[in-house]
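Chains as they are written, first to last, in the working numbering: chain A, 28 to 268; chain B, 139 to 349.
Incorrect hints may have been included.
Derived pair list, reagent style DSSO-like, types lysine-lysine, alpha-carbon separation capped at 30 Å [unchecked claim]:
| id | chain 1 | residue 1 | chain 2 | residue 2 |
| --- | --- | --- | --- | --- |
| 1 | A | 80 | B | 188 |
| 2 | A | 228 | A | 51 |
| 3 | A | 80 | B | 233 |
What the hints contain is simulated information worked out from the structure, not anything from laboratory work.
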Amino acid sequence: MTLRRRFVERDRQSHPPAYAPGYKTTVPRSPSQALVSLQTPSVSELTGPDFQKLRMGPHDNDLLLNFRDGTAPGLPVGERVIMFGRVIDQFGKPVPHTLVEMWQANAGGRYRHKKDSYLAPLDPNFGGVGRCLTDEDGWYHFRTIKPGPYPWPNGINTWRPAHIHVSVMGPAISTRLITQMYFEGDPLIPICPIVQTLNDKEAVGTMIGRLDMARSRPMDALAYRFDLVVRGELQTYFENQ
Amino acid sequence: MQQPNFTPTANLMLRETASQTAGPYVHIGLALAVAGLPERDEEIWNELAKDSASGQRIEVVGRVIDGNGDLVRDALLEAWQADSSGHYQTAFDLKAPFNSFGRTATTAEGDSEWRFVTVKPGAISRPDGRTMAPHINLAIFARGVNIHLQTRLYFDDEGEANADCPVLGAIESPSRRQTLIARREDSEGGLPRYRLDIVLQGEGETVFFDF
Ligand SMILES: [Fe+3]
Numbered sequence: 028m029t030l031r032r033r034f035v036e037r038d039r040q041s042h043p044p045a046y047a048p049g050y051k052t053t054v055p056r057s058p059s060q061a062l063v064s065l066q067t068p069s070v071s072e073l074t075g076p077d078f079q080k081l082r083m084g085p086h087d088n089d090l091l092l093n094f095r096d097g098t099a100p101g102l103p104v105g106e107r108v109i110m111f112g113r114v115i116d117q118f119g120k121p122v123p124h125t126l127v128e129m130w131q132a133n134a135g136g137r138y139r140h141k142k143d144s145y146l147a148p149l150d151p152n153f154g155g156v157g158r159c160l161t162d163e164d165g166w167y168h169f170r171t172i173k174p175g176p177y178p179w180p181n182g183i184n185t186w187r188p189a190h191i192h193v194s195v196m197g198p199a200i201s202t203r204l205i206t207q208m209y210f211e212g213d214p215l216i217p218i219c220p221i222v223q224t225l226n227d228k229e230a231v232g233t234m235i236g237r238l239d240m241a242r243s244r245p246m247d248a249l250a251y252r253f254d255l256v257v258r259g260e261l262q263t264y265f266e267n268q
Numbered sequence: 139m140q141q142p143n144f145t146p147t148a149n150l151m152l153r154e155t156a157s158q159t160a161g162p163y164v165h166i167g168l169a170l171a172v173a174g175l176p177e178r179d180e181e182i183w184n185e186l187a188k189d190s191a192s193g194q195r196i197e198v199v200g201r202v203i204d205g206n207g208d209l210v211r212d213a214l215l216e217a218w219q220a221d222s223s224g225h226y227q228t229a230f231d232l233k234a235p236f237n238s239f240g241r242t243a244t245t246a247e248g249d250s251e252w253r254f255v256t257v258k259p260g261a262i263s264r265p266d267g268r269t270m271a272p273h274i275n276l277a278i279f280a281r282g283v284n285i286h287l288q289t290r291l292y293f294d295d296e297g298e299a300n301a302d303c304p305v306l307g308a309i310e311s312p313s314r315r316q317t318l319i320a321r322r323e324d325s326e327g328g329l330p331r332y333r334l335d336i337v338l339q340g341e342g343e344t345v346f347f348d349f
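All chains, full assembly: derive it from the sequences and hints.
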C-alpha cells in the first residue's frame, strides 16, 4: 500500500480570470490559450519546500521594529495593528510550520521601492516587509502599521484600498498562493479594479481582514484577523498494481 | 460574534482564499535586494546549487515577454526541481549544497533577465511506471497576473526523454511543446547555460499548466 497525496482541484471561479480588462495591465499579460490540465499530478506538483530550517530574525514579523534607516530612530508613523490568523486547508485542517510572507506600503501609501515615486514621503522607520512560520496549529501573526490607500495609473482617478500583500506556501507547490488582505469596511474595496477582477462577492469576502476587538491590545493596537485557506489535502491509500 | 472571512462552498468544503496580483512591488516582500531593501540574514534566492552540489552545475536564464513583445520587468519567478538523482529535497536549508526551491526576478535595469544557478535535475519516475524528463517547475508572479502562472522548463539536449515524457505528451499541439524547451547556448568557459523566454501571450505563448 502506498500513501498518495492529492489536493482538491483548484476552483478557478474562486480566483480572478487572467484577462480582466478593468485592470488594464492584465490585457497584454494574460495568456490567450487555455491552461493545460495535468490529469495525474506527480511528485513535481505534490511536494514543496519546508522552511523550518530557514532562520528568521527576531523581528522578521514585527514591522514596527524591523527597519531603521538610521536617520530618525523611533517608531513608524501610523495606526498600530496586529495582523493575525490561521492557515488552514479547505477541510479546516491547520497548516503548521508554513511560510507566510507579507509586504505593504507605509501609512501614507508609499512603498519603499526604487520604482515607487508617489508624493507621500518614505518613513525612515518603516521598511514594509515581514515573514514568519505558522505554529503547530497554523497560527501566524505580524505587528505593523495600517497601510494607506494610494493612487495608481489605471483609470484617471483610481485608488487602491488599504491592503497588505500576503504570500503563503502551504504543503506543496500546488497550494502556493499570493493574495492581498483588505480592511473590513473600507469604502475603496468595492470600487477597486483589482478587487473587481473577481466576479464573485463571496470570493472577495475571503480577502477581508476582520476587526477583532477581543484580541486588540488596549491603549496599544487594533487587531485584524485574516485566515488563509489553502487547497484541501486528501490522502488516500491505494494498492500497488 | 466575529464572522470568519471564509465560507463553505456547496459541498461543505471551505472556499480557497482568492488570489490577487503580486503587484509591481512584489520584490519588496520576496526579493528584497532587487527592491533596494537591506537583506535579512537568510534569504531565499536564485542559487539552488553550490559548488559542492552533486551533478552537473548549470545556469538557467531567460526573459519574460508580454503580448506586445515587450519585456516584463517586474516579475518574480519561483523554481521547484529535483536534484541530479531525480529526488526533491523538501527540507529547505541554506547550508545544504543543493535546494530544490529558489527565487529569481526580472528587473527594471538592463536586459531584465532572470537567472538560476542550479544542477541539471534527474529524470523522475512516477507511480504509474512512466518517467518524466528532467524539468524545472516554474511559477510566475507579476503585476497584471491575477493568479500565478505555472509552467515547466525542459532541456533541449534530452531529446529522447522529452519525447517519452507524459507531461510534454499531454500538450496536444507539438509546436506548443517547444515553448517549454530551454536551449543550451555557448557560455564561454562559464557554467553550461540554458535559455528559455517565457511568453505570456500571443505568438510563441508558453504553455501554462493547471494542476
Ligand atoms: Fe500594493
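Right, here's what the structure says about each hint:
Our distance criterion of 30 Å between C-alpha atoms is met by residue 80(A) and residue 188(B), whose separation comes to about 17 Å. Our distance criterion of 30 Å between C-alpha atoms is met by residue 228(A) and residue 51(A), whose separation comes to about 21 Å. Distance check on the hinted pair: residue 80(A) and residue 233(B) sit about 9 Å apart at the alpha-carbon level, within 30 Å; holds.
Checked against the numbered hints above, the structure breaks none of them.
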